[in-house]
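Please put together the full structure from these sequences, using the hints given.
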Amino acid sequence: MIEKVIHSILEPNRREILNLLRNGEISSSEIALHFHISAPAISQHLKVLESSGLVVVRKEGTKRFYRIRREGFKELKQYLDSFWDDSLMLLKEAAEAEERRKHE
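In this text, residue positions in the sequence shown follow full-length UniProt numbering: the first is 1, and each later residue adds one.
If you're looking for bench data, these hints aren't it; they were derived computationally from the structure. Just so you know, nobody snuck in bad clues.
The calculated lysine-lysine pairs, modelled on PhoX-like cross-linking and capped at a C-alpha distance of 20 Å, are:
hint, residue 1, residue 2
1, 4, 47
2, 59, 47
3, 63, 47
4, 4, 74
5, 77, 4
6, 102, 92
Listed below in structure tokens is the structure:
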């Protein structure tokens with residue numbers, strides 16, 4: 001699933017859609033107003049974001065409302081945190097080794 005999430009956020013328009021959704025639910029037509037691409041293109045981007053688990057859709061009549069699915073970012077966050085954790089561990093080990101050399 002991490003591959004789908006990464007693929008989803010690689011595209012700049014999809015990242016901008018996610019930024020728009022940060023503050024709450026927005027209709028697909030409202031989202032489209034922020035872009036200079038066709039409504040079908042926006043719809044395709046929304047489908048990719050939905051299939052990767054980053055957004056959810058609520059249907060109300062003929063309208064579709066989208067919002068962030070924060071749980072969808074959990075695996076990505078864990079993946080990125082693993083790099084940070086590794087870096088911190090290496091830094092800790094280097095500091096400990098330096099401290100040992102001082103006391104030898």
